[in-house]
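*Asks:* Sequence:
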Amino acid sequence: MDAQSQLHATTKLYDAALKGDVPSLLNLLGEDPLILDRCIIEKSGKYMQSPLHVAANFGHVNFTNKLIEKKPKLVEVVDHIKRSSPLHIACAEGHLQIVETLLVVNSSICYTHDQDGKTPVHVAAINGQIDVLRALLNLEPQAARERTMGGESVLHLCVKHKQPEALRFLVKTMDDGELLNLDDALGNTVLHLAVAAKQPEVI
1 MDAQSQLHAT TKLYDAALKG DVPSLLNLLG EDPLILDRCI IEKSGKYMQS PLHVAANFGH
61 VNFTNKLIEK KPKLVEVVDH IKRSSPLHIA CAEGHLQIVE TLLVVNSSIC YTHDQDGKTP
121 VHVAAINGQI DVLRALLNLE PQAARERTMG GESVLHLCVK HKQPEALRFL VKTMDDGELL
181 NLDDALGNTV LHLAVAAKQP EVI
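The opening position of the sequence shown corresponds to residue 1 in our numbering, with each subsequent residue numbered one higher.
Because the hints were derived from the structure by calculation, they are not lab data. Accuracy of the hints is not assured; some may be wrong.
SDA-like mimics (lysine to any residue), calculated; alpha carbons at most 25 Å apart, straight line [unchecked claim]:
no., residue 1, residue 2
1, LYS160, MET149
2, LYS73, LEU26
3, LYS66, GLU31
4, LYS71, ASN127
5, LYS71, MET149
6, LYS71, ILE81
7, LYS82, PRO23
Across the chosen pairs, the derived CB separations fall in these ranges [said to hold, decoys possible]:
no., residue 1, residue 2, range
8, ASN65, GLY117, 43 to 51 Å
9, ALA3, ARG83, 41 to 49 Å
10, GLU165, LYS82, 20 to 28 Å
Here a beta-carbon is modelled for each residue, glycine too, at the ideal position from N, C-alpha and C.
Starting from the given sequences, assemble the full structure and let the hints guide the process.
*Replies:* Structure (structure tokens):
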């Protein structure tokens, strides 16, 4: 297959990912069996994200399942925008089924940091996705201890992004007083931030 044909096939692949069109995906794989390998090797070439990022963003469960069945390594590919994994995106959008599918393939992707140092746990907390947090921490409880580049814990992020329910869930689930007392890079604990942000429900 020449370069022009490969580019055309890749464009059709992304169109299929956008629509969640599994039959088109299967047709493309029949015509070009290496198309998903190129997405990994080239990090999707001119595209900023992999087809799995696109499917995860739009909540296309069946398409995601088929992509992973054909090329499990896609779960580890980070995008060109923020170095986010497909799991980061599924967590932000609250697509629980997709989160669970990605974790089955490789639960260690819970520890992947984007360019801001945020993990999928951080992203789920920032967006108040409690069911997603539960799924992540059931498999990888230690992932909640990761910090951002600014030294923020997941609890700092809950306060900063006004997610009191996520904060309550995490405090109850983790049952770790030490985490509440951690300082960020500026020396702020979770309680310092809550007072500054006038969030009495946290205190």
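*Asks:* Hint by hint, where does the structure go against what was stated? Just the numbers, ascending.
*Replies:* Those not satisfied are hints 4, 5, 7, 8 and 9.
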